[in-house]
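Student: Sequence:
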Amino acid sequence: MTALKRRALLRTAALTGLAAATGLAATSHGAAAAEPVNGPWLVSVGWGVLQVDPGRTTPRELLPNGDHAKTSPDGRYVAWVNTARSGDGTLEPFVAVYDRTTGQKRTLLADPFGVRYGAPTWSPDGTEIALVTGQDNDRLIAVDVATGATRVLVEGHTMADPDWSRDGSSIALRWRSRSEGPQLRVLDLATGRARPIYTPLAGERFGSPVFMPDSGRVVFCTDRWYPDLETLNQSLASVRINGTGLKKLTDEPRFYLSPVFSPDGRYCAALSIPPENEYPDGGNIIVSTSGFGEQWWIPGDEYDDSTRLDWARAI
1 MTALKRRALL
11 RTAALTGLAA
21 ATGLAATSHG
31 AAAAEPVNGP
41 WLVSVGWGVL
51 QVDPGRTTPR
61 ELLPNGDHAK
71 TSPDGRYVAW
81 VNTARSGDGT
91 LEPFVAVYDR
101 TTGQKRTLLA
111 DPFGVRYGAP
121 TWSPDGTEIA
131 LVTGQDNDRL
141 IAVDVATGAT
151 RVLVEGHTMA
161 DPDWSRDGSS
171 IALRWRSRSE
181 GPQLRVLDLA
191 TGRARPIYTP
201 LAGERFGSPV
211 FMPDSGRVVF
221 CTDRWYPDLE
231 TLNQSLASVR
241 INGTGLKKLT
251 DEPRFYLSPV
261 FSPDGRYCAA
271 LSIPPENEYP
281 DGGNIIVSTS
291 GFGEQWWIPG
301 DEYDDSTRLD
311 WARAI
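In my numbering, the protein residues as written are 1 to 315.
Accuracy of the hints is not assured; some may be wrong.
Claimed, not checked - Cβ-Cβ distance ranges computed for the label pairs, FRET-style:
(1) T107 with E294: 15 to 23 Å
(2) R178 with D74: 35 to 43 Å
(3) E35 with E276: 32 to 40 Å
(4) G203 with G46: 34 to 42 Å
(5) N277 with D251: 16 to 24 Å
As the list claims (entries may be wrong) - In the SDA-like style, the derived pairs of lysine to any residue whose C-alpha atoms are separated by at most 20 Å in a straight line are:
(6) K247 with E276
(7) K248 with N277
(8) K247 with N284
(9) K247 with M212
(10) K247 with T199
(11) K248 with G216
(12) K248 with F206
(13) K247 with F206
(14) K247 with E204
(15) K248 with L232
(16) K247 with I315
(17) K105 with R313
(18) K247 with P213
(19) K248 with S215
(20) K248 with E276
(21) K248 with I315
(22) K247 with P227
(23) K248 with G291
(24) K248 with R313
(25) K105 with K248
Hints listed in this document are in silico derivations from the structure and should not be mistaken for laboratory results.
Where is the CB? At the ideal position from N, CA and C, for every residue including glycine.
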């Protein structure tokens, strides 16, 4: 088989998987009328946000000067963090919301130079976003999307990568305890208690926690099982929200970043690096069923220095 023919077959197989995952192909069990339809992927690349539309592989620019984009549960709005600089070269920190229907942008938070904003996550009812801020990334706040009013959820520890559970009860995040070091924790929003669910091994790299659709487990990236490999040494893992049942989800070590579940809950995608990439300086999208069986790549452009992947609901 020629290399050209093999590439064409691989592309056809990937597009078949892409069609199924984005609602373009019929499913054997059928879809209920109220079931979410999977829409485009959003790839934040630091200098902007790219959109990969269903049935396509080449991205288009959705937002310039944006980063850490996250779509609202109904698919209409995108919260993002500005990366543009003012005329004197200083960063203008603000968080904005983009309307995918009208194309309008609205600033939600804006502060003087020096204020930091982390990656936003939406409440399941779409009324709030939560994100980390503070000089030392030590304050997790919730922002009312309609009014811009803020409330502090927890503070006093360095935090990153919050993810709001689909049942609305909890937020998972990367946490550095002053006494216990780095951990994954789940913040119970009813009690305000942030309980540890995963403590890494010494020197372990881990992050990007995201709830499974049933809100019972948290998936994250880790090099726990392949610490001696220099590159492409991570796995996807999961742990129950009570801290038990650590499970290795992927067999082959590779780079993973920002896992995300499809709106319908049947697929998981992540940024990763194809094995044929000579230099691991970017990523492509890799998709699997929610059971983490066979994986397939979305062919197309490489996303250099990607920071976050999101999977939007179709509108």
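Student: Hint by hint, note whether the structure agrees.
Tutor: Results for each hint:
1. T107 with E294: 15 to 23 Å: With Cβ atoms ~43 Å apart, the hint is violated.
2. R178 with D74: 35 to 43 Å: Taking Cβ atoms as reference, R178 and D74 lie about 39 Å apart, which means the hint holds.
3. E35 with E276: 32 to 40 Å: holds (36 Å)
4. G203 with G46: 34 to 42 Å: With Cβ atoms ~27 Å apart, the hint is violated.
5. N277 with D251: 16 to 24 Å: Hint holds: Cβ distance 20 Å, inside 16 to 24 Å.
6. K247 with E276: violated (28 Å)
7. K248 with N277: Status violated; Cα separation ~25 Å.
8. K247 with N284: Distance ~24 Å between K247 and N284 Cα, so the pair is violated.
9. K247 with M212: holds (13 Å)
10. K247 with T199: Since the Cα atoms of K247 and T199 sit roughly 14 Å apart, the hinted pair holds (cutoff 20 Å).
11. K248 with G216: holds (16 Å)
12. K248 with F206: holds (13 Å)
13. K247 with F206: With Cα atoms ~14 Å apart, K247 and F206 stay inside 20 Å; holds.
14. K247 with E204: holds (16 Å)
15. K248 with L232: holds (16 Å)
16. K247 with I315: The hint is violated at about 35 Å.
17. K105 with R313: Cα-Cα ~19 Å, so holds.
18. K247 with P213: holds (17 Å)
19. K248 with S215: With a Cα-Cα distance of about 18 Å, the restraint between K248 and S215 holds, given a limit of 20 Å.
20. K248 with E276: violated (24 Å)
21. K248 with I315: violated (34 Å)
22. K247 with P227: holds (17 Å)
23. K248 with G291: holds (12 Å)
24. K248 with R313: violated (28 Å)
25. K105 with K248: Distance of about 40 Å is beyond 20 Å: violated.
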